[in-house]
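Chain residues, written in single-letter form:
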Amino acid sequence: MSPVYLDKLTKIYPNGYEAVHDFDLEVKDGELMVLVGPSGCGKTTVMRMVAGLERITRGTLRFDDKVMNDVSPKDRDIAMVFQNYALYPHMTVGENIGFALSMRKLPKSEVRKKVKETAEILGLEEWIDRKPGQLSGGQRQRVAMGRAIVREPKVFLMDEPLSNLDAKLRVQMRAEVTRIQRRVGVSTIYVTHDQVEAMTMGDRVAVMRDGHLQQCAKPQEVYDNPVNIFVAGFMGSPSMNLFEATLNENADVLTLGSQTLKLPASVLALKPALKKYANSRVVVGIRPESLNAPGPQTQKGDDDVSLEGEVDLVEALGSELLVHFSTDAVRVEAEGAVSEDAEGLDAGLIAQRGAGVARVEPGAQVTLGGKTTFSLNPSRLYFFDSSTGLSIVE
Amino acid sequence: MKIFNRLWTKTLGFIVLLAFTAFFIVPVIWLLLAPTKTDHQLIFGNPFSFGSFHNLAHAIRVTFTYQDYALLTWVKNSAIYSFGGIAIALVASIPAGYALAFTNFIGRRTLLGITLFVMIMPATALVLPLFLEANAVHAIGSPISVILPFSFFPFGVYLSYIFYSSSVPRDLLNAARIDGCNEWNVFRKIALPLARPVVALVAFFAFVANWNNFFLPFVMLPSNSNYPLPIGLQDLLSSTPAFNPGIGGDVPILRPELAVATIVAMAPVLIVFLFAQRSLVSGMLAGATKE
Ligand SMILES: Nc1ncnc2c1ncn2[C@@H]1O[C@H](COP(=O)(O)OP(=O)(O)OP(=O)(O)O)[C@@H](O)[C@H]1O
Ligand SMILES: [Mg+2]
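As given, the protein sequences belong to chains A and B, one line each in that order. Under our numbering, think of the first position of the first sequence as 26, with each following residue one higher. Under our numbering, think of the first position of the second sequence as 7, with each following residue one higher.
Rather than coming from a laboratory, the hints here were simulated on the basis of the structure. Treat the hints with caution; some may be incorrect.
[Stated by the list, open to error] Think about it this way: if two alpha-carbon atoms lie no more than 30 Å apart in a straight line, the pair counts; the simulated DSS-like pairs of lysine-lysine are: (1) A:243 <-> A:179; (2) A:156 <-> A:139; (3) A:53 <-> A:179; (4) A:141 <-> A:33; (5) A:141 <-> A:91; (6) A:287 <-> A:325; (7) A:396 <-> A:287; (8) A:243 <-> A:156; (9) A:53 <-> A:243; (10) A:296 <-> A:325; (11) A:287 <-> A:300; (12) A:243 <-> A:33; (13) B:195 <-> A:193; (14) B:16 <-> A:138; (15) A:179 <-> A:133; (16) A:193 <-> A:130; (17) A:53 <-> A:33; (18) A:156 <-> A:133; (19) A:156 <-> B:16; (20) B:195 <-> A:130; (21) A:138 <-> B:195; (22) A:325 <-> A:300; (23) A:133 <-> A:193; (24) A:179 <-> B:82; (25) A:139 <-> B:195; (26) A:141 <-> A:179; (27) A:141 <-> A:156; (28) A:179 <-> B:296; (29) B:195 <-> A:133; (30) A:141 <-> A:193; (31) B:296 <-> A:156; (32) A:179 <-> A:130; (33) A:156 <-> A:179; (34) A:139 <-> B:296; (35) A:130 <-> A:156; (36) A:141 <-> B:195; (37) A:141 <-> B:296; (38) A:193 <-> A:156.
These figures come from a predicted structure and were not determined experimentally.
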């Protein structure tokens, strides 16, 4: 129950690898901070530095106003869910959950009571006397979770705590974790790969890449106003479509491959900085849901521009269609920004020149192999500097 | 066809196992039968015949009463030396292996190298230097002069090191630290309970080595009343007319009596093995971390 301040934290591993670089983060009292980033970007390393399991090479870590750099893990009063569970194999589920409490010399009856409550919340009552070796992956993960939430520490650290659960349980646990965190009001750092968790659970989201903090803001803010190509491509599933484009001399006509999109004055008014990119290259970003295919419910706005693509694949998800199309524009890949969810897709398709995805209503008229003209509101376009990758905002 | 094949493989496996069992068990059966016979029967009779309970009682009585129950004194001495050695060996080697596996200190690799080196050195090579050392501190003839060298068990250190470094994930210990354990409790509550199979293994090997050790006590202990079993047996052997014709006591120690003494010497190893075996369970660490 104290705010956490990470001030220019840097971690250089003994082999010389710099896993985290000048990392600044403030987790307010009782806030749930979600930490996202591609695999290997240093999320676990940040967690381990906060937990005291890795030495901080440079920078200061504070809980409230106390510098924690040299405080041993047992005195930091944190609870952590390890990415790989780290359950005590010789203890039962109940003993695992109650271990921290009994180490803190709570009376036995109270330990039992709390363990029971926690097990109920996590749906583990049935397995309370089993050893971890006799549990499934999802059950183990819940035990790992239980070991943390049974306590009321200063800080929660959760490293992908729901990654091994099935979809239904994950939704249930997501709500449960949020509820518990709100109730006990413990400052929390929560690592996840799951877009939905990142968007729904966090008070704020911190996006990391290669040991650097990219952006830290409210989830909707990160989604709506990503600071650069990387964040734009990382947040959201399916990822934002990114194409190379050129602006004409008035910066009001955008050329994508052989297609031209007329930008209305309103766009330029919103983003006057685009003027500086007249006659030059930019990267344009289109969220899949911004693209509309012709269909019964599609309403075309006055300023709407159209983008034509050849439909390669249609994925019907019930509530919506994911239409994979290709154009002759050059697709930009925000390096390392393909989120895990996208890995299930046909890799060949993603790499394809000019490929894009549209998320459209189920009744939309798209034919496999045919050409479809998507309409989109140009005010929902994103622009990025093609050399720095930074968002063009003003 | 397939079923026939499987049957054939099974039968073959069974026959091979049976042959090995016979190979190992026949001498034991012979040994167990030996005290039931007279010395003459033992040499000229059918090797697998049963003599009589009368003979057995006689052999047992003679063996035990030899030199006023010397056999029991030897057993007692052996037990003191062996278990004393094991106790110190365990207390030293399990934490030592743990420390070698999980902490980084200057000279760690060197220490590991030395452990390995001493492990492969024959124990007998150390006996004379040890004798000189014990002599220098006037410990010759005391139980300490045997127990201390017995407790020096580099194999145990290495076994414990291998176990901790290969089977116990570091994060398990970290989880305990976060749960509020100090370093002693991390070892006591997590690392040590997990090492149960290793403790059993080290204890068993140390026991066998100590129980059967002949040369070291032979050098260190000059008096009959301090002898452990192996030296006692040798003493017994040397008073057997069959092996030492010059000797003739009032009640001679013959081969059936020697067999009794041998069984007495063997039995504890068997018992300790049965106990240790129960702790040699595999899969202690199942479920600790995501594979
Ligand atoms: N002990 C170590 N020594 C050297 N390099 C390490 C060590 N631990 C981690 N690394 C490296 O540091 C980088 C960050 O690792 P980290 O575990 O923090 O990534 P992560 O963001 O948690 O990834 P994931 O999402 O896959 O869990 C990786 O490139 C990794 O290879
Ligand atoms: Mg990680």
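What are the numbers of the hints the structure violates, in ascending order?
Hint check: 4, 5, 8, 13, 14, 16, 19, 23 and 24 fail, others pass.
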